[in-house]
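Colleague: Here is how the chains run, residue by residue.
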Amino acid sequence: DAKTTQPPSMDCAEGRAANLPCNHSTISGNEYVYWYRQIHSQGPQYIIHGLKNNETNEMASLIITEDRKSSTLILPHATLRDTAVYYCIVKKGGSEKLVFGKGTKLTVNP
Amino acid sequence: DAGITQSPRHKVTETGTPVTLRCHQTENHRYMYWYRQDPGHGLRLIHYSYGVKDTDKGEVSDGYSVSRSKTEDFLLTLESATSSQTSVYFCAISESLQPGNTIYFGEGSWLTVV
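Protein sequence lines correspond, in order, to chains A and B. Just so we're aligned: the first sequence equals residues -15 to 94 in my numbering. Just so we're aligned: the second sequence equals residues 123 to 236 in my numbering.
A portion of the hints provided could be inaccurate.
Stated by the list, open to error - Derived DSS-like pairs (lysine-lysine); straight-line CA-CA distance at most 27 Å:
{"#": "1", "chain 1": "A", "residue 1": "Lys81", "chain 2": "A", "residue 2": "Lys53"}
{"#": "2", "chain 1": "A", "residue 1": "Lys(-13)", "chain 2": "A", "residue 2": "Lys81"}
{"#": "3", "chain 1": "A", "residue 1": "Lys53", "chain 2": "A", "residue 2": "Lys76"}
{"#": "4", "chain 1": "A", "residue 1": "Lys86", "chain 2": "B", "residue 2": "Lys179"}
{"#": "5", "chain 1": "A", "residue 1": "Lys76", "chain 2": "B", "residue 2": "Lys179"}
{"#": "6", "chain 1": "A", "residue 1": "Lys53", "chain 2": "A", "residue 2": "Lys89"}
{"#": "7", "chain 1": "A", "residue 1": "Lys(-13)", "chain 2": "B", "residue 2": "Lys179"}
{"#": "8", "chain 1": "A", "residue 1": "Lys76", "chain 2": "A", "residue 2": "Lys(-13)"}
{"#": "9", "chain 1": "A", "residue 1": "Lys81", "chain 2": "A", "residue 2": "Lys36"}
{"#": "10", "chain 1": "B", "residue 1": "Lys133", "chain 2": "B", "residue 2": "Lys179"}
{"#": "11", "chain 1": "A", "residue 1": "Lys86", "chain 2": "A", "residue 2": "Lys76"}
{"#": "12", "chain 1": "A", "residue 1": "Lys76", "chain 2": "A", "residue 2": "Lys36"}
{"#": "13", "chain 1": "A", "residue 1": "Lys81", "chain 2": "B", "residue 2": "Lys192"}
{"#": "14", "chain 1": "B", "residue 1": "Lys192", "chain 2": "B", "residue 2": "Lys175"}
{"#": "15", "chain 1": "A", "residue 1": "Lys36", "chain 2": "A", "residue 2": "Lys89"}
{"#": "16", "chain 1": "A", "residue 1": "Lys81", "chain 2": "B", "residue 2": "Lys175"}
{"#": "17", "chain 1": "A", "residue 1": "Lys86", "chain 2": "A", "residue 2": "Lys53"}
{"#": "18", "chain 1": "B", "residue 1": "Lys133", "chain 2": "A", "residue 2": "Lys76"}
{"#": "19", "chain 1": "A", "residue 1": "Lys81", "chain 2": "B", "residue 2": "Lys179"}
{"#": "20", "chain 1": "A", "residue 1": "Lys86", "chain 2": "A", "residue 2": "Lys(-13)"}
{"#": "21", "chain 1": "B", "residue 1": "Lys133", "chain 2": "B", "residue 2": "Lys192"}
To be verified - Simulated DEER-style distance windows between Cβ atoms:
{"#": "22", "chain 1": "B", "residue 1": "Ser187", "chain 2": "A", "residue 2": "Thr49", "range": "37 to 47 Å"}
{"#": "23", "chain 1": "A", "residue 1": "Lys53", "chain 2": "B", "residue 2": "Val236", "range": "46 to 56 Å"}
{"#": "24", "chain 1": "B", "residue 1": "Thr204", "chain 2": "A", "residue 2": "Arg0", "range": "19 to 29 Å"}
{"#": "25", "chain 1": "A", "residue 1": "Thr(-11)", "chain 2": "B", "residue 2": "Asn223", "range": "16 to 26 Å"}
{"#": "26", "chain 1": "A", "residue 1": "Arg0", "chain 2": "B", "residue 2": "Arg131", "range": "32 to 42 Å"}
{"#": "27", "chain 1": "A", "residue 1": "Gly78", "chain 2": "B", "residue 2": "Ser191", "range": "39 to 49 Å"}
{"#": "28", "chain 1": "A", "residue 1": "Glu42", "chain 2": "B", "residue 2": "Ser218", "range": "36 to 46 Å"}
Honestly, the hints are just simulated from the structure, not real lab data. Note that the coordinates shown come from a computational prediction; the quantities given were computed from them, not determined experimentally. A virtual CB, placed ideally from N, CA and C, is assigned to each residue, including glycine.
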C-alpha cells in the first residue's frame, strides 16, 4: 500500500473550514484514499473515501488532485468536537489491511 | 455507527494469566479484525477473519490467538498475558475487501497487564 504524508498538527478556528492535506505521491491506479479520525480514547471513525473524483458526505468533502498524488479533507464548519487526530490512508481493493500512519492532530479553537 | 460491541471495555490482569476479548457485531459482515494501538506505533493488525472458522495473521500476531465460531463473534485470546500486551485493542468489521469498501471500528478494550 502507498505511503502517505500528513502534517503532524494543525489549528483551526471554530466555525471556519478545516483543510487537511495529505500527500500520497506513490499511489497506484487501484488504490483508494480513505480518511478516518480518532477522537481521544475512542475508536477510529470513518469519514470518507474516494478513488479519483471529489466526494462529499454529511461529514466532509474530499478533494483529490487530478494526478491523484495528493488530497485534501475539508470540514466545512469546524466545531470543537472535530478536535481529533485525522488519518489519511491509501488502500487497495482486495487488501485486508488499513495502514495507519501518525496522522494530523487537528485542534479546533474557540 | 456500525453495530460493534467490545467486551470487556476495561480489564486489569496479572502476567501469565489467560485473557479473552470479545467482539460482537450486528451487521452480518463477513470480515472482522483485531488491531492494537500503542503510543509511537499507531494501529497495527493482529489477526483478521474472512468467515466462520477462517482466520489469518496480521503483522503483530505473536502471543495472540483468535476464534470465530459464529459470524457475529470474533474472540481474541492472550494465552499467557505479558506486560508488552498492555494496550488498547480495537475490533473492526467490513462487508468485503472489494475496492472502496469501508472498515468500521469498535470503541476499544483497554487491557493492562501487571
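Colleague: If a hint holds in the structure, say so; if it doesn't, say that too.
Modeller: So, going through the hints one by one against the coordinates:
Pair hint Lys81 (chain A) plus Lys53 (chain A) holds up; C-alpha atoms about 21 Å apart against a cutoff of 27 Å. With a C-alpha separation of about 13 Å, the suggested pair Lys(-13) (chain A) and Lys81 (chain A) falls inside the 27 Å cut-off, and the hint holds. Proposed proximity of Lys53 (chain A) and Lys76 (chain A) is supported: the alpha carbons are some 15 Å apart, at most 27 Å. A threshold of 27 Å between alpha carbons decides the hint, and for Lys86 (chain A) with Lys179 (chain B) the separation of about 23 Å falls inside it, so the pair holds.
The hinted pair formed by Lys76 (chain A) and Lys179 (chain B) meets the criterion: a straight-line CA distance of about 19 Å does not exceed 27 Å. With a C-alpha separation of about 22 Å, the suggested pair Lys53 (chain A) and Lys89 (chain A) falls inside the 27 Å cut-off, and the hint holds. For the hint pairing Lys(-13) (chain A) with Lys179 (chain B), the CA-to-CA distance comes to about 22 Å; that is within 27 Å, so the pair holds. At most 27 Å may separate the alpha-carbon atoms for a hinted pair to count; Lys76 (chain A) and Lys(-13) (chain A) meet this at roughly 12 Å.
For the suggested pair Lys81 (chain A) and Lys36 (chain A), the alpha carbons sit about 20 Å apart, so the restraint of at most 27 Å is met. The hinted pair formed by Lys133 (chain B) and Lys179 (chain B) meets the criterion: a straight-line CA distance of about 24 Å does not exceed 27 Å. Proposed proximity of Lys86 (chain A) and Lys76 (chain A) is supported: the alpha carbons are some 20 Å apart, at most 27 Å. Only pairs whose Cα atoms come within 27 Å are accepted, and Lys76 (chain A) paired with Lys36 (chain A) is accepted, the gap being roughly 13 Å.
Restraint check for Lys81 (chain A) and Lys192 (chain B): the C-alpha separation of about 22 Å stays at or below 27 Å, so the hint holds. Under the criterion of a C-alpha separation no larger than 27 Å, the hint pairing Lys192 (chain B) with Lys175 (chain B) is consistent with the structure, at around 8 Å. Of the supplied pair hints, the one linking Lys36 (chain A) and Lys89 (chain A) holds, its CA atoms being roughly 25 Å apart against a limit of 27 Å. With a C-alpha separation of about 19 Å, the suggested pair Lys81 (chain A) and Lys175 (chain B) falls inside the 27 Å cut-off, and the hint holds.
Taken as a hint, the Lys86 (chain A) and Lys53 (chain A) pair is honoured in the structure, with Cα atoms around 19 Å apart against an allowance of 27 Å. Distance check on the hinted pair: Lys133 (chain B) and Lys76 (chain A) sit about 35 Å apart at the alpha-carbon level, beyond 27 Å; violated. For the hint linking Lys81 (chain A) to Lys179 (chain B), the alpha-carbon distance of about 11 Å falls within 27 Å, and the restraint holds. Annotation: proposed proximity of Lys86 (chain A) to Lys(-13) (chain A) holds, straight-line Cα distance about 11 Å (limit 27 Å).
For the proposed pair Lys133 (chain B) and Lys192 (chain B), the alpha carbon gap of about 24 Å is at most 27 Å, so the pair holds. A hinted range of 37 to 47 Å for the beta carbons of Ser187 (chain B) and Thr49 (chain A) is consistent with their spacing of about 44 Å. In this structure the supplied range 46 to 56 Å holds for Lys53 (chain A) paired with Val236 (chain B), their Cβ-Cβ distance being about 47 Å. Between Thr204 (chain B) and Arg0 (chain A) the CB atoms are about 47 Å apart, so this pair departs from the stated range of 19 to 29 Å.
The beta-carbon spacing between Thr(-11) (chain A) and Asn223 (chain B), approximately 24 Å, falls within the hinted interval of 16 to 26 Å. A hinted range of 32 to 42 Å for the beta carbons of Arg0 (chain A) and Arg131 (chain B) is consistent with their spacing of about 35 Å. Gly78 (chain A) and Ser191 (chain B) have their C-beta atoms about 26 Å apart, which leaves the hinted 39 to 49 Å range violated. Under the hint 36 to 46 Å, the C-beta atoms of Glu42 (chain A) and Ser218 (chain B), about 23 Å apart, miss the expected range.
Against the hints set out earlier in the document, violations occur for numbers 18, 24, 27 and 28.
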